[in-house]
Amino acid sequence: MLIIKDLHASVGDKPILKGINLTVNAGEVHAIMGPNGSGKSTLSNVLAGRENVTVTSGSIEYLGHDLLALEVEERAREGVFLAFQYPVEIPGVGNVYLLKAALNAQRKHHGLPELDAMEFLALVKDKMKLMEMNESMLYRAVNEGFSGGEKKRNEILQMAVLEPRLAILDETDSGLDIDALKIVANGVNSLRHPERSMILVTHYQRLLDYIKPDYVHVLAGGRIVRSGGPELAHELEKQGYAWIGNETTGQEVSSGS
Amino acid sequence: MAIAHYQSEFERLGSLLPWQGSPQWQEWRQSGWARFAAQGFPTTRHEEWKYTSLAALEKLALSCAPVAAEAPALTWDSLQARAVLPQARYRAVFVDGHFAPQLSRLDGLPAGIAVRPLSTLSAQDSIGLQAALEAVRTRTPFAALNAAFMAEGAWITAAAEASLDDPLLILYVTTRGGQAQHVVNAYDLERGGRVAVAEQYLGLSDEPYFVNQVTGVQLAPGAQLHHVKLQQEGERAYHIGALQASQQGGSRFESHSFALSGAFGRNDMETALLEPGAAVVMNGLYRVAGREFQDFHTCIRHESPDCTSDEYFKGVLDGSGRAVFNGKIVVAQDAQHTASRQSNHNLLLSDQAEVDTKPQLEIFADDVKCSHGATVGQLDEDQWFYLRSRGLEPDHARTLLIDAFSLDVLSSIGHAGLRAAMDHLMRGQGHV
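So the protein sequences, as listed, match chains R and P.
Following our numbering, the numbering of the first sequence begins with 13 at its first residue and continues without gaps.
Following our numbering, the numbering of the second sequence begins with 47 at its first residue and continues without gaps.
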């Protein structure tokens, strides 16, 4: 599904990612944990195609394509989905309009007929039940005036509608109370599928109590310094990130499965 | 050059202009000409024209002839798709500055409502027009030029409590270059009269031409005018408009201007709130691209206590387009309890685009609520990225964001029929 090799990337002149290696196979859920400033969000942004991040060397292969050669919108239509840490408010653009335009852009790309308004509404209302969202949110502007929890739920709703092959969830748990976290986690879990891979980017172990990862990686100083199973998250929770400082200078740890 | 050209046109056309037998109209035209000749074309040294160069217009030798050499072969079917009110029950269509009865439909108007093309009026019947146009004719040099040459337009009157709620379409179509059209619209609404109207200026010629129009509005107590003006002029067209309204107690004037295309546009709009309870909404949207230019100079005069004004203009500027917004609010000394709001927001889509925006508040009363604000911004990169990250084409995402910025002006159109028509025109059917 996804093969990242020796990825180096900078924001402005500042190198942030310094040699990431990561392989994610179909159906796997990987958690990437790390302290603030370790490069977690930069990695998410590189995958989604954010222009302010410059890849200086290395490669990313996605379903056999060179991901870095694809434009942002092409990646989306090929099944890459980023659930934003801070979903943007877009006054004046209806939520339902965006959902429908996004789905139809993807369908068109794959040579499928576009859904009409009736077909689309039936589909989206079904997905909204999953996210315990009120239908009125469809007719509001994208994220405008949404609470933090509503914004995150709206991201997962988009994911549910678009059914990506590779979903990157960037700090999806941040700013959520426990009830909202459960709803979001339920939504994500229901989207687990043998053909769908997920990368959970998170600072805290809390999210991983509700979405069980297959692999956990620790990112520090722009490198993956440790990889392991779900137990690694618990170890981090107990020890914090302080111990990592000693390891980053040590030997590079290869990761992935 | 310019004055000499219009001087010779004035001499050449003198006897061809309507209502020759009327000394009042002769005096009207002569004084208009004298005023224009004395002022000439304003230059950028004039404060009111500081950012607005007329040099290119001045060089054009345009015909002011009011008589068409031949009637262009236009049918309503060919115009309907472009009309802002394609299903209008009432419409007055003018082609190249001439009333086109075969394209118009003015029968069966509600009782007390009259819509009269100027060319259908006798000298005697037309004299009443002067009252409606008296204030506007001295407003700008071009309004004075219009007074000298005016030959066509529409005079709309509403008797007391008469109502035209099914919106009227007044469509000015230009099919040929080389001409200067001097047209007028006059709205006289008596006590409690109500009129909804869309004035649409549609250019079907890519050659240079000049529409020089004036609008006079008189609202008696309790009268309501819902007015949409739409400029969709040709790519080398000049459009200059002057509007002057006077509002008596409890009257309401809603003015929504949309300057969507044309090489050059200038609008001078003014309303005077003369008695308590008068209210004005003066909103608009200008869009420029390429080398287009649009200029709105507005003035709202609070002459009396307890009046309200709401002014909201938005601008979208692309390419090397330029725009000017000057919003003047004058609150007279005894106009206490005035409530006035003004805002102007601009979206710059390119490095070459430029807007000059200037609120100008002159407040002489002390118990008033007046607010104003102006902004100039760019497309939000985060919003653009977000939409693209969901698979939308870059151009589609951009259009969505531009519409999101600019089209909230539509929601302020109080008349449901006019709002629906503009919504359809600006958005099409594409939105869920």
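Don't read these hints as lab results, they were simulated from the structure.
Treat the hints with caution; some may be incorrect.
Label pairs and their calculated CB-CB ranges [unchecked claim]:
1) R:Glu126 x P:Gly174: 26 to 34 Å
2) R:Gly160 x P:Gly419: 23 to 31 Å
3) R:Asp191 x P:Gly419: 47 to 55 Å
4) P:Asp402 x R:Val23: 35 to 43 Å
5) P:Ile409 x R:Asn48: 47 to 55 Å
6) R:Asn201 x P:Leu407: 55 to 63 Å
7) P:Asp402 x R:Ala81: 28 to 36 Å
Taking beta-carbon pairs under 8 Å as the criterion, some of the chain R residues facing chain P (in silico) [what the hints assert, rightly or not]:
8) Ser71
9) Leu75
10) Ala114
Even for Gly, the Cβ is constructed at its ideal location relative to N, Cα and C.
Verification of the supplied hints:
no., hint, result
1, R:Glu126 x P:Gly174: 26 to 34 Å, "57 Å, violated"
2, R:Gly160 x P:Gly419: 23 to 31 Å, "29 Å, holds"
3, R:Asp191 x P:Gly419: 47 to 55 Å, "40 Å, violated"
4, P:Asp402 x R:Val23: 35 to 43 Å, "36 Å, holds"
5, P:Ile409 x R:Asn48: 47 to 55 Å, "51 Å, holds"
6, R:Asn201 x P:Leu407: 55 to 63 Å, "59 Å, holds"
7, P:Asp402 x R:Ala81: 28 to 36 Å, "43 Å, violated"
8, Ser71, "21 Å, violated"
9, Leu75, "16 Å, violated"
10, Ala114, "4 Å, holds"
Violation of the numbered hints given earlier is confined to hints 1, 3, 7, 8 and 9; the remaining hints are satisfied by the structure.
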